[in-house]
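> Spelled out, the chains give:
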Amino acid sequence: KAGVTQTPRYLIKTRGQQVTLSCSPISGHRSVSWYQQTPGQGLQFLFEYFSETQRNKGNFPGRFSGRQFSNSRSEMNVSTLELGDSALYLCASSPPTGGGPDTQYFGPGTRLTVL
Amino acid sequence: QQQVKQSPQSLIVQKGGISIINCAYENTAFDYFPWYQQFPGKGPALLIAIRPDVSEKKEGRFTISFNKSAKQFSLHIMDSQPGDSATYFCAAAQRQLTFGSGTQLTVLP
Numbered sequence: 001k002a003g004v005t006q007t008p009r010y011l012i013k014t015r016g017q018q019v020t021l022s023c024s025p026i027s028g029h030r031s032v033s034w035y036q037q038t039p040g041q042g043l044q045f046l047f048e049y050f051s052e053t054q055r056n057k058g059n060f061p062g063r064f065s066g067r068q069f070s071n072s073r074s075e076m077n078v079s080t081l082e083l084g085d086s087a088l089y090l091c092a093s094s095p096p097t098g099g100g101p102d103t104q105y106f107g108p109g110t111r112l113t114v115l
Numbered sequence: 001q002q003q004v005k006q007s008p009q010s011l012i013v014q015k016g017g018i019s020i021i022n023c024a025y026e027n028t029a030f031d032y033f034p035w036y037q038q039f040p041g042k043g044p045a046l047l048i049a050i051r052p053d054v055s056e057k058k059e060g061r062f063t064i065s066f067n068k069s070a071k072q073f074s075l076h077i078m079d080s081q082p083g084d085s086a087t088y089f090c091a092a093a094q095r096q097l098t099f100g101s102g103t104q105l106t107v108l109p
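In order, the protein sequence lines correspond to chains S and W. So that you can map any letter, position 63 of the first sequence is 63 in my numbering, and since no number is skipped, the others follow by simple counting. So that you can map any letter, position 106 of the second sequence is 106 in my numbering, and since no number is skipped, the others follow by simple counting.
Hints are not guaranteed to be accurate.
[Unchecked claim] Cβ pair distances, simulated, as ranges: (1) W:Ser-65 - S:Pro-61: 37 to 45 Å; (2) W:Thr-28 - S:Ser-70: 35 to 43 Å; (3) S:Pro-8 - W:Gly-16: 38 to 46 Å; (4) W:Pro-8 - S:Ser-70: 43 to 51 Å; (5) W:Ser-7 - S:Ala-2: 33 to 41 Å; (6) S:Pro-61 - W:Gly-16: 43 to 51 Å; (7) S:Arg-73 - W:Thr-28: 35 to 43 Å; (8) S:Pro-39 - W:Arg-51: 25 to 33 Å; (9) S:Arg-55 - W:Ser-55: 38 to 46 Å.
[To be verified] Looking from chain W toward chain S, a few residues come up when the C-beta cut is under 7 Å (computed): (10) Phe-30; (11) Pro-44; (12) Gln-96.
Keep in mind the hints are simulated off the structure, nothing from the lab. Note that CB positions come from ideal geometry on N, CA and C, so glycine has one too.
Full structure from sequences and hints, please.
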């Protein structure tokens with residue numbers, strides 16, 4: 001089975017722009033979670049989608065949003081980029097058994113640099 | 001509170017030695033405690049996990065010890081190998097994962 005796929009792998013944007021990141025979960029997985037990883041704050045939970053509905057949300061401003069499509073693929077959008085948004089954005093998918101945090105499989109991440 | 005505190009920040013061990021990483025949590029509602037391993041340029045990979053009804057779980061060279069009353073859990077890597085050099089994250093979860101700050105492990109050959 002193919003793993004979690006994230007595109008693009010690297011992205012450079014300037015302050016004020018917006019960005020959309022994409023995540024394709026493992027085939028058959030219906031839950032997709034997004035995390036932000038920075039050296040200072042570590043790994044922080046952004047939000048989780050299950051069957052096209054946001055199920056959980058972390059403590060991030062409204063500039064961070066996401067959605068999930070009927071094929072379970074998910075996108076994350078960050079509007080009005082700030083320098084502090086520079087991070088590795090990780091997507092993780094979970095199998096449909098309960099859809100909880102256990103057995104999350106992470107993708108390689110998208111490295112976003114904001115100049 | 002949702003914090004998970006992890007120590008040490010970095011660890012250097014000789015090949016064949018034991019690596020020990022500790023984590024402490026505050027929220028007693030957490031019911032799932034995984035450890036993740038992350039290599040540079042890769043996403044975290046689940047290494048081993050435990051539920052609070054078990055005090056120890058062993059998988060190969062990796063062991064989780066869990067102390068519910070102290071709200072602490074630890075990862076032991078026996079016979080550490082240079083290939084184990086990576087960043088290790090503990091996490092705790094109820095509905096979503098809350099991660100520790102990570103430990104950079106270096107195993108010297």
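> It remains to establish, for every hint, whether it holds in the given structure.
Results of checking the hints against the structure:
1. W:Ser-65 - S:Pro-61: 37 to 45 Å: About 38 Å separates the Cβ atoms of Ser-65 of chain W and Pro-61 of chain S, which means 37 to 45 Å holds.
2. W:Thr-28 - S:Ser-70: 35 to 43 Å: The hinted range 35 to 43 Å holds for Thr-28 of chain W and Ser-70 of chain S, with Cβ atoms some 38 Å apart.
3. S:Pro-8 - W:Gly-16: 38 to 46 Å: Holds, at about 41 Å.
4. W:Pro-8 - S:Ser-70: 43 to 51 Å: 45 Å, holds
5. W:Ser-7 - S:Ala-2: 33 to 41 Å: 36 Å, holds
6. S:Pro-61 - W:Gly-16: 43 to 51 Å: 48 Å, holds
7. S:Arg-73 - W:Thr-28: 35 to 43 Å: Taking Cβ atoms as reference, Arg-73 of chain S and Thr-28 of chain W lie about 36 Å apart, which means the hint holds.
8. S:Pro-39 - W:Arg-51: 25 to 33 Å: Holds, at about 31 Å.
9. S:Arg-55 - W:Ser-55: 38 to 46 Å: 31 Å, violated
10. Phe-30: Since chain S brings no Cβ nearer than about 10 Å to Phe-30 of chain W, farther than 7 Å, the hint is violated.
11. Pro-44: 5 Å, holds
12. Gln-96: Hint holds; Gln-96 of chain W Cβ to chain S Cβ min 5 Å, cut 7 Å.
Consistency note: the structure conflicts with the earlier hints numbered 9, 10.
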